[in-house]
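Make a model of the complete structure from these sequences and hints.
Number of protein chains: 6
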Amino acid sequence: MPNATPTSGTAPFPWEDRPTQPSPHLLWRYSGNPIIGRDHLPTSNSVFNSAVVPFGDRLAGVFRCDDRARKQCLHVGFSDDGIRWDLRQDEIKFASQAKGVRYHAGYDPRVVFIDDRYWVQWCNLDHGPTIGLAWTQDFEAFHQLDNAFLPFNRNGVLFPRTFDGEYVMLSRPSDNGHTPFGDIWLSRSPDLTYWGRHRWVMRPTGGWQSTKVGAGPTPIETEAGWLLIYHGVSTSCNGMVYSFGAALLDLDQPWVVRARAWEYLMCPREIYECVGDVPNVVFPCAALTDADGERLAIYYGAADTVTGLAFGYLPEIIDWVQRTSVV
Amino acid sequence: MPNATPTSGTAPFPWEDRPTQPSPHLLWRYSGNPIIGRDHLPTSNSVFNSAVVPFGDRLAGVFRCDDRARKQCLHVGFSDDGIRWDLRQDEIKFASQAKGVRYHAGYDPRVVFIDDRYWVQWCNLDHGPTIGLAWTQDFEAFHQLDNAFLPFNRNGVLFPRTFDGEYVMLSRPSDNGHTPFGDIWLSRSPDLTYWGRHRWVMRPTGGWQSTKVGAGPTPIETEAGWLLIYHGVSTSCNGMVYSFGAALLDLDQPWVVRARAWEYLMCPREIYECVGDVPNVVFPCAALTDADGERLAIYYGAADTVTGLAFGYLPEIIDWVQRTSVV
Amino acid sequence: MPNATPTSGTAPFPWEDRPTQPSPHLLWRYSGNPIIGRDHLPTSNSVFNSAVVPFGDRLAGVFRCDDRARKQCLHVGFSDDGIRWDLRQDEIKFASQAKGVRYHAGYDPRVVFIDDRYWVQWCNLDHGPTIGLAWTQDFEAFHQLDNAFLPFNRNGVLFPRTFDGEYVMLSRPSDNGHTPFGDIWLSRSPDLTYWGRHRWVMRPTGGWQSTKVGAGPTPIETEAGWLLIYHGVSTSCNGMVYSFGAALLDLDQPWVVRARAWEYLMCPREIYECVGDVPNVVFPCAALTDADGERLAIYYGAADTVTGLAFGYLPEIIDWVQRTSVV
Amino acid sequence: MPNATPTSGTAPFPWEDRPTQPSPHLLWRYSGNPIIGRDHLPTSNSVFNSAVVPFGDRLAGVFRCDDRARKQCLHVGFSDDGIRWDLRQDEIKFASQAKGVRYHAGYDPRVVFIDDRYWVQWCNLDHGPTIGLAWTQDFEAFHQLDNAFLPFNRNGVLFPRTFDGEYVMLSRPSDNGHTPFGDIWLSRSPDLTYWGRHRWVMRPTGGWQSTKVGAGPTPIETEAGWLLIYHGVSTSCNGMVYSFGAALLDLDQPWVVRARAWEYLMCPREIYECVGDVPNVVFPCAALTDADGERLAIYYGAADTVTGLAFGYLPEIIDWVQRTSVV
Amino acid sequence: MPNATPTSGTAPFPWEDRPTQPSPHLLWRYSGNPIIGRDHLPTSNSVFNSAVVPFGDRLAGVFRCDDRARKQCLHVGFSDDGIRWDLRQDEIKFASQAKGVRYHAGYDPRVVFIDDRYWVQWCNLDHGPTIGLAWTQDFEAFHQLDNAFLPFNRNGVLFPRTFDGEYVMLSRPSDNGHTPFGDIWLSRSPDLTYWGRHRWVMRPTGGWQSTKVGAGPTPIETEAGWLLIYHGVSTSCNGMVYSFGAALLDLDQPWVVRARAWEYLMCPREIYECVGDVPNVVFPCAALTDADGERLAIYYGAADTVTGLAFGYLPEIIDWVQRTSVV
Amino acid sequence: MPNATPTSGTAPFPWEDRPTQPSPHLLWRYSGNPIIGRDHLPTSNSVFNSAVVPFGDRLAGVFRCDDRARKQCLHVGFSDDGIRWDLRQDEIKFASQAKGVRYHAGYDPRVVFIDDRYWVQWCNLDHGPTIGLAWTQDFEAFHQLDNAFLPFNRNGVLFPRTFDGEYVMLSRPSDNGHTPFGDIWLSRSPDLTYWGRHRWVMRPTGGWQSTKVGAGPTPIETEAGWLLIYHGVSTSCNGMVYSFGAALLDLDQPWVVRARAWEYLMCPREIYECVGDVPNVVFPCAALTDADGERLAIYYGAADTVTGLAFGYLPEIIDWVQRTSVV
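Chains as they are written, first to last, in our numbering: chain A, 1 to 327; chain B, 1 to 327; chain C, 1 to 327; chain D, 1 to 327; chain E, 1 to 327; chain F, 1 to 327.
Please note that a few of the clues may not be correct.
Any copy will do: because identical chains look the same in the list, a pair fits if it lies in one copy or spans two.
Derived EDC-like pairs: lysine to aspartate or glutamate, alpha-carbon spacing no greater than 20 Å straight-line [as the list claims (entries may be wrong)]:
#1 Lys93 x Asp138
#2 Lys93 x Asp126
#3 Lys71 x Asp126
#4 Lys99 x Asp252
#5 Lys99 x Glu166
#6 Lys99 x Asp250
#7 Lys99 x Asp164
#8 Lys93 x Glu140
#9 Lys71 x Glu91
Source of the hints: derived by calculation from the structure; they are not laboratory data.
Right, here's the structure in full:
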């Protein structure tokens with residue numbers, strides 16, 4: 001049962017089979033993790049939150065590469081297998097379509113293909129963090145639009161298609177620091193410039209997702225609903241822990257949560273996830289499915305330092321969300 | 001020289017001449033202040049941030065009337081002279097045009113007349129504070145639109161006319177508490193539902209406006225630019241102090257600050273401004289000008305408890321902003 | 001309908017009729033407020049949270065009299081009319097019944113008569129604030145027991161009778177500072193030394209009681225249930241505001257809230273309530289009823305500086321709690 | 001000189017000899033640490049703070065097993081050697097003896113045998129953290145009593161015998177978050193339901209124990225006094241560090257500290273103690289002694305993620321506490 | 001017994017006799033308080049912390065006059081009677097003797113005469129608050145030296161004579177905000193440029209002086225020691241309260257506290273002390289004694305808004321400090 | 001081009017050639033890092049921030065060795081090769097030259113040779129952290145002077161020569177906790193006892209140095225200016241990260257920054273830098289250059305737990321600072 005719209009066509013799909021040792025976990029990590037190290041670029045301090053999409057017969061992506069001043073930068077990269085990546089040394093240069101739109105620094109990108117072009121969404125620093133938007137058709141030229149929202153906002157994630165002719169974006173309104181709260185909201189736009197009809201989607205609950213929640217990869221359309229992989233944050237006496245879990249949103253009214261798993265899908269456990277510039281972070285920004293909609297590959301930032309890859313089976317995950325839902 | 005577009009036609013214009021004793025202040029308070037007391041309604045705890053507009057040959061307004069549970073509520077009121085007000089006992093009931101739009105509580109309203117109707121803007125509590133929007137033509141029936149922005153936002157203030165066919169609103173993005181920061185931003189909309197093309201306008205500087213700044217009454221169009229009366233907040237070891245000052249925005253590009261006075265126009269000094277539910281607050285939400293565009297009457301909340309009225313001459317204020325500008 | 005157990009016998013009952021001017025308020029203040037000024041004692045900085053009880057044909061009480069070092073002290077006082085008070089210059093000396101019980105400083109007393117003696121409850125500073133307990137029969141000699149609870153606790157209030165042979169006390173667990181949270185709990189004791197069977201009673205809700213709630217005077221037994229007058233605290237950008245309201249607890253299971261008024265009974269409004277060592281505080285610690293159980297006199301601290309007195313009718317208040325209950 | 005009451009009879013006693021390489025440390029870790037991993041249960045996120053006791057010819061215990069929602073849960077486990085543990089998959093179900101007693105989640109258990117049964121003490125979440133109490137005789141059925149204290153409290157630890165017929169418990173009053181303060185107190189009870197006669201025991205001092213201190217395993221009775229192994233917390237710019245040390249309490253007046261070592265016994269050093277859900281935590285909840293009262297085995301949580309085991313010689317530790325005491 | 005070195009010669013000494021009504025207070029306020037209002041200058045927002053000295057047959061002073069932008073400014077003023085003051089409209093212009101010394105804004109001045117000139121000490125904002133120093137001989141020309149100390153420091157107060165050829169200054173090291181801590185320190189200098197030999201003098205204790213303490217007026221030399229009038233701050237849930245008290249420092253080793261009164265001398269009580277830009281502040285910056293060393297006049301800022309004057313008898317105060325000392 | 005004044009004569013110079021694998025980093029770590037472990041002394045918890053200088057034909061140093069109570073202590077050590085160190089078990093005993101100078105605990109030392117003796121600078125705890133000063137000629141006897149500055153101060157670093165006869169010291173004024181701000185200042189002294197003529201040097205900018213900056217090793221005199229290696233701190237949601245970078249100060253006016261590199265030189269990356277008592281810290285306290293002024297060896301504390309050593313070429317670093325300067 002192909003219960004997901006495949007996001008991979010002729011593009012490669014990275015995969016490694018589930019380890020034979022029995023494990024209670026739905027996801028397993030790539031054995032060669034991290035797939036991108038912090039020194040990948042001669043100038044990089046870290047390469048982590050990574051947005052990957054099929055691009056012809058290759059994969060392309062936009063990557064957060066903090067430089068050695070620890071300025072957040074966005075770089076383009078390409079891969080023939082989804083595992084070995086070649087990132088461009090130069091920061092993306094955005095050509096602004098509107099006078100007065102500012103690009104100073106960018107982080108935590110997502111990329112989605114809609115209609116005929118790739119849309120990049122990222123956290124844009126412009127008198128405070130908010131959602132930057134740009135499109136490209138070739139991963140060479142990037143055309144920046146106005147910011148979608150007023151500050152303070154982060155984790156803007158577009159759905160991969162329009163609804164009644166409207167673009168739809170999830171985001172996580174925040175404050176100007178290490179925000180200790182955060183719900184997921186949904187907004188609509190006829191043209192990706194003007195946004196409105198905001199709807200509240202979901203809040204933190206408890207445990208691993210007690211402090212804040214935010215959308216992760218582009219939602220995946222399945223027969224069971226939109227599979228939303230999202231990060232959740234808890235706060236210990238030693239700071240925040242970023243894990244991620246999953247929910248199913250209504251296909252037509254995507255601000256309605258149909259099911260939401262009580263447990264996390266993945267929490268920081270490996271040394272490269274627990275140790276680094278920001279310890280105890282797994283932060284997913286992209287997911288690929290195979291042509292059959294069965295297999296899932298998730299790209300995630302680890303410890304805000306390196307990039308990891310994890311695998312799972314979509315039907316298993318969807319079934320688990322529905323079975324363990326607390327909605 | 002009528003250097004302001006009069007906002008008063010046949011409607012009454014409240015006025016009291018400047019006291020004969022010389023004063024260094026540009027504004028003077030009405031001698032009968034506060035004009036609306038905290039017990040104005042049988043159920044009110046306080047009546048303060050007040051949005052007043054000409055309405056035929058009377059004045060009408062939307063008033064923040066916290067009830068005795070200290071829930072923030074919006075009430076309609078009318079006056080024949082701008083000083084004695086008759087407020088409706090019942091909260092405004094908003095008829096929502098969009099499914100899923102929520103009105104739970106509202107505060108800090110503004111009202112502006114555009115085209116053929118009155119637009120109410122307020123801080124709407126909907127999973128966090130943001131900018132509520134509704135229109136009325138008779139101050140009886142109120143039609144609520146979607147919230148303009150995502151939370152967290154406060155002090156949304158519409159310009160009284162469109163620019164190139166677009167509605168323009170100032171607002172102050174904030175967080176979910178007693179926000180210790182705040183810039184003024186400007187956003188545009190073709191239809192008052194979808195908003196975008198956000199532009200940063202101004203930040204706190206120092207002294208009385210060192211913590212945050214937010215738009216006050218509807219901007220007043222003058223030959224010198226849009227006169228923006230705005231509140232500024234400073235923070236002492238005993239909490240926040242709300243004063244207000246003035247700036248001039250470019251007539252065509254209203255996100256460009258042409259002049260901004262270094263000093264405040266008014267700070268809390270009277271006992272009803274310094275003592276009350278929130279001490280040391282003067283907070284302007286409405287301003288009227290006379291038919292000649294010479295005289296100015298400002299309605300302001302005092303100590304978050306009662307409503308005050310102050311007067312001044314527009315040309316004096318504009319001249320002072322230009323003379324003392326630090327831009 | 002005498003719906004309250006009278007707490008006044010031959011003792012005087014202070015009273016002043018409701019002002020003739022119509023008022024929306026259920027309570028009215030004594031026209032000679034404050035009844036006890038801050039300089040009442042030669043050594044006092046302030047005299048405020050006051051616990052008053054009938055004592056033969058007089059009234060007696062325990063008063064919080066901070067001295068000029070602003071150390072919190074407890075003093076005894078007597079009155080022939082409940083309005084003019086004569087406070088003893090010396091602090092209460094507690095004779096400790098148990099080795100190791102410490103009295104360093106005390107504040108916010110309550111006094112209740114059970115069986116054959118008067119029980120004083122107060123906030124006792126002993127490696128953190130907790131509930132001190134002592135008894136007297138003559139307001140001369142005071143016998144201190146062990147603290148009822150572990151720190152951190154405040155606002156311990158005994159019921160005026162036992163339940164199934166057990167003493168019952170309300171309290172508000174807190175932390176070691178200006179606690180920004182606080183629920184009311186109930187605990188039971190066979191002997192006033194060992195306490196247990198703790199039950200949660202109520203939490204802050206919103207508006208005037210959004211930060212914390214704590215029991216005020218000794219609960220008043222009425223046919224409708226135990227009338228609990230309690231303080232509620234809200235927090236503005238300028239600090240905390242202490243108001244008070246009312247609830248009805250089940251007669252037999254006093255941890256069950258039968259009704260709880262949404263609005264406050266009284267909030268700080270008078271200058272002596274809004275201005276003082278801690279602005280914006282009305283804090284009730286004692287209530288007297290007349291022999292008919294009709295009239296109510298409430299002693300409350302104002303601005304943590306002086307003592308006020310307010311009046312109301314019990315049936316009106318009970319009816320209002322029931323009518324406006326949000327439980 | 002058997003200077004400790006042995007807590008092990010026919011039950012196994014886990015042990016590994018001191019490494020031959022000279023070390024300045026009084027304790028040494030088990031070479032196979034961690035003895036219980038985070039995936040021990042199919043549903044567990046982590047298994048750490050562990051309360052172990054002799055149980056016939058085996059060892060039994062109550063374990064904190066956070067699930068993958070990161071809800072704190074208590075599970076039973078058994079072992080034939082104290083090193084390899086078999087934990088039950090299901091959470092403990094508490095049968096409540098009192099109406100209204102609530103078990104929502106539990107963590108940081110201790111277990112002690114008194115008279116004829118095993119008493120479990122844990123941090124019980126019931127409108128705030130406090131001390132839950134239950135007994136079992138077979139580690140199958142658990143009977144829950146009322147909470148010992150009002151919130152907010154953690155780290156309740158019973159002494160293994162009564163004093164003058166009274167049960168005695170140590171605890172650490174706290175607040176509702178990651179409490180940045182904490183002293184150890186002692187309370188007494190005739191019946192484990194009603195508690196009183198609270199006595200202050202000790203406060204944080206400096207260095208490794210500068211933020212808060214709390215009792216660890218059940219105190220061990222020795223000729224030199226009650227050996228109290230307790231955790232101490234310091235706070236760096238990167239959060240809290242949990243170490244543990246030791247003190248000797250008076251045999252008859254256990255709230256009197258007779259000796260207290262200036263240094264820690266153990267601090268986080270191994271990778272499984274420094275890296276995990278909460279980095280830099282060693283947290284002891286149980287200690288076993290051999291039949292001669294010579295050897296000591298300490299079970300401790302590591303990084304709030306896994307369970308460790310450490311060994312030492314009681315006489316050495318007691319001597320060290322006495323020699324280096326700062327009391 | 002003239003037990004104080006008179007600081008007034010031919011200069012006027014402001015005085016008003018103690019009110020005939022008996023009062024427990026050692027100080028009494030001038031009946032015409034405040035002596036300087038907030039609108040004293042056409043440009044002033046407030047005129048409060050005031051440093052007054054005899055100057056020929058007049059009094060001169062340096063005053064903190066915040067302007068209407070609420071920038072802190074220093075102004076000169078003169079008086080023929082110490083009560084009616086004439087302040088210069090222009091800010092003091094400091095001629096800097098050292099390249100690189102910066103004067104941006106100044107507040108909380110003190111003035112002392114040593115040898116042949118008047119030394120001004122103030123809180124100077126130069127990349128953080130610290131102690132500015134300048135001298136004048138005519139209150140026309142002011143010559144600024146280097147800042148005495150590194151930031152962050154406030155309340156620098158020179159002794160009126162040298163010790164073994166060294167100048168001696170008290171100060172209160174702080175942080176860059178509304179510092180919630182603060183001890184008084186003493187430093188020495190051979191030349192008023194280089195400072196060292198720092199000695200700790202005193203810390204906050206409890207009650208009215210539990211948060212921080214700082215020197216007030218220039219210490220007064222008496223036979224009993226240096227009379228140090230100092231401010232003390234306590235913190236309620238509504239912010240800080242500034243009171244002031246007194247101590248006696250050793251005549252030769254002025255970092256040794258010989259006596260320190262437990263109570264305050266004055267706390268905020270009058271409406272102009274409790275209501276204003278910073279409620280609940282009395283802050284003394286200058287004291288005059290009469291030629292007999294009997295009478296004392298204290299200038300103090302009230303509510304950071306206006307200037308007050310209070311009177312007392314030196315011998316009474318010294319006796320009280322010694323009698324009630326807690327050192 | 002020998003562009004640095006060599007700080008090593010006959011003393012050994014520790015060195016290891018750059019790894020052959022190409023690396024984008026200017027510095028490389030010693031392959032045997034950490035060179036000093038946390039158990040180096042029988043009593044040490046950690047040995048980290050280390051101040052090393054040539055001392056005859058050996059190297060000597062002052063080391064921060066926290067003991068197992070986690071009290072900060074200073075110890076002397078010697079080495080024949082700069083890599084293997086022999087630290088004295090006893091704390092340094094300072095002989096105080098001035099009555100009243102207190103040594104309680106010391107941390108973060110620096111050592112510099114000026115004229116004929118070695119000057120130790122450290123953070124001295126004396127009613128708050130400030131800069132302690134002492135000299136030795138033999139690393140046996142240490143003579144303590146008065147503290148250089150008032151609290152609160154840290155990271156005092158002397159220049160290795162006088163300027164116009166004055167000693168010059170950098171420092172970082174702070175507060176009494178984990179200070180979230182910090183600029184570098186410069187002060188001068190004719191005699192190392194009295195200090196003044198303070199000049200502001202530099203502030204945090206962004207990225208890796210956005211929270212605070214402080215001087216590291218003794219500045220190195222080069223033809224291009226004083227090479228200042230300094231630490232910079234950024235703050236994530238999981239606490240502070242200490243990295244270090246470099247700037248060039250004017251040779252004659254060392255408070256003037258001539259060049260400052262935008263990137264860091266080194267950030268925490270190795271496991272012993274990222275895991276320990278304070279994760280994510282590299283903190284340099286000493287640097288040695290070879291006789292040719294070409295090669296550089298930097299001693300740094302890692303994770304506040306162990307001591308690391310790193311190498312680089314001075315000309316490369318100087319060139320890089322100049323090339324990438326943002327001044």
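Hints and how they fare:
With identical chains, the CA atoms of Lys93 and Asp138 are at most 20 Å apart within one copy only, with a shortest distance of 13 Å there and 52 Å across copies. Only within a single protomer do Lys93 and Asp126 lie at most 20 Å apart by alpha-carbon distance; the minimum there is 16 Å, versus 38 Å between protomers. In this homomeric assembly, Lys71 and Asp126 come within 20 Å of each other (Cα to Cα) only inside a single copy, at 14 Å, whereas the closest approach across copies is 29 Å. For a Cα distance limit of 20 Å, the shortest separation of Lys99 from Asp252 across copies, 15 Å, qualifies, whereas the shortest one inside one copy, 36 Å, does not.
Taking the shortest Cα distances, Lys99 and Glu166 sit within 20 Å of each other only across copies (17 Å), while inside one copy they are farther apart (25 Å). In this assembly of identical chains, the alpha carbons of Lys99 and Asp250 lie at most 20 Å apart only when taken from different copies (16 Å versus 38 Å within one copy). In the homo-oligomer, the alpha carbons of Lys99 and Asp164 lie at most 20 Å apart only across protomers (16 Å), although the nearest pairing inside one protomer, at 30 Å, exceeds that limit. Proximity of Lys93 and Glu140 under a CA criterion of 20 Å is satisfied intra-copy only: 9 Å inside one chain copy versus 53 Å between copies.
In this assembly of identical chains, Lys71 and Glu91 lie within 20 Å of each other by CA distance solely inside one copy; the values are 11 Å within and 42 Å between copies.
In the structure shown, no violation is registered for any of the earlier numbered hints.
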